[in-house]
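Chain residues, written in single-letter form:
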Amino acid sequence: MIRQPRSRAIRLSRMVALVMGATAIGGVAVPALVAGKPTAGARGSGSAALSLATLPVPRATPSAPERHAIQLLMRAATAGRDRTYSGTQYIFSWSTAGASSLVVDLQHVPGRGVLVRRAGALGSTVLDATGAGALDPRALAVLERHYSVSVARQHGQCAGRRTQIVEARRRGESALAGSFWLDTQTGLLLRRELYDRTGRTVRAAAFVDLQLAVPRPWDAPRQGPWDALRQDASAHAGSPMQDDHIAALRRAGWAAPAALAGGLELFDVRQRDGVLHLSYTDGLFAVSVFSQRGRLDSRSVKGWQQVEVDGIRAWTRPGLSQRVVWAGDGWVHTVVADAPDSLVSAAVTAFPASAGESFADRVQRGLHRMRSWADPTR
Amino acid sequence: MSARNGHLGDLAAALVDGALDGGARDRALVHIAGCTDCRAEVDHQRQLKERLRRRGDPFPPTGLTDRLSAIGRPPAADGSRVVDLAGSRSLPTASAPVSPSMAQPMSPCVAQPMSTPGPRPPAWGTGHGPLGASRPSSAPARAQGSRRSRSRRLRRVTGGMSALALGVAAALVLGPLRGQGPAVSPPVGRYTVEHARTTGGVPGADVSVGAVMTVSVNR
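So the protein lines, in turn, are chains A and B.
When we follow my numbering, the leftmost residue of the first sequence carries the number 1, and every step to the right adds one.
When we follow my numbering, the leftmost residue of the second sequence carries the number 379, and every step to the right adds one.
You may find that some hints are simply not true.
What the hints assert, rightly or not - One-sided and incomplete, this derived list gives chain A residues near chain B with beta-carbon spacing under 7 Å: (1) ALA79; (2) ALA99; (3) VAL103; (4) ARG293; (5) THR334; (6) VAL336.
Keep in mind that the hints were calculated from the coordinates and are not lab data.
Ideal placement from N, C-alpha and C gives every residue a C-beta, glycine not left out.
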């Protein structure tokens, strides 16, 4: 077939048009495709922000034994807030990062808060005026949703006191997830043990002695120790954000999933100094995620143990609370958790990781740059 | 089981096994909170127990065991055999026949002739469907036209793909690596305090941890 110059020119012009068209299509279609992929910051934003106050009621009406167990826990919550007590408590934690322990002396005066210090130490600190350390009824509502609770037949002993034992099992499972020893006389929570799905104890805390009084109050700082320390505590923690503020944060690209794997529900959101603090619970365990923009300064994790959490490079160090730091996509995240490894993994994998930006993200940015050349106003 | 020289001794294993009652357990835990040696021993015991737990023994499928046991044993008069797993013996019986395939000695694989491929399904997007087939033309002309249009379409697709690849490549080159922002050193100690204060009412949380951390952070 003889190719005519004219037809070649036409073919060439067709090809140029084709290339231009394809590029244009790419310029429009690829960003559209990329836009269709939810960004890390938008994960979980599809659902309305949840708070403990607005969470739905449990699916099934609890049975009479279950109601009794819940009532005992509620009584423990009230007792922890209203009772005067002092004593010595140990706390243990086991995780893949290692075992940690702490023995503390506590003094609680209703309406004033809890003073805590390392056993034998001189310094002390106040936690909260509302009775920190007491069970939170809102958390108990979440507990009821994810766990079935019952009262064990046998009574127990703790710190020389007779106790009733409330046991929690994940709904649909027979293995124990937690046990609570509650003082028969006062209702106070005296001992607690939490287990992972294999039955291993992951946390334990108990009073080794307890008095229902504060016989010798510790020396307090000079002026208004309780109030001053309480204010300091409040300033550190910030205040909870409302749902509309949380929605605005999500629109601005912050990751704030309403729920995580393992039944973790978002129940508290705070922001302070450019750090977003998300608190999750399944009713038994607690996980906090702190997010801030930037890249991880490697010096800050010097001496930490490098681990891989579901393929994500992270750093951890042993402690009573699990602490995991990782970074990616222009964010640095820190998990602090009183939970088994599985729930820590659930939190880590739900947030942008160090796998780096995706191919699609980079293409989208390049196309955006090309469009900005054509239209500088964009 | 007893404590030795002021240390846990054998009680470390009992503690890990959950064999201590409440009071003894509490005393043991308080002791190891302050005794490095005993804490290390308990950690060691826990790791050991965990390793054993993870090890587990793989159990082969029962059917596989039966077949392996049956290999090389003479079949019963009726061609069947049953395997006594307890004694690892083969007992001829008529009440427990096995399938003929199991009774036969294993034979090497025999290559089967490959089946002749059938007509190809129409390729997506090439126009070889009812619409193309309905075009009236002679067979040779149809074949030639089909080749031409296929060639044209191929060129278009190739051109389009090349252009798209060029566009993507250009975007990749032009899309700089995302600015990673300022270097951040997370104040993990403060975070631990805030975590304890926020989640202190959760049944599994330990608010005392945050309190003690507060003392450390403030110092």
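Going down the list of hints, with the structure as the test:
no.	hint	in the structure
1	ALA79	violated (13 Å)
2	ALA99	holds (5 Å)
3	VAL103	holds (5 Å)
4	ARG293	holds (5 Å)
5	THR334	holds (5 Å)
6	VAL336	holds (4 Å)
The structure fails hint 1 only (numbered hints given earlier).
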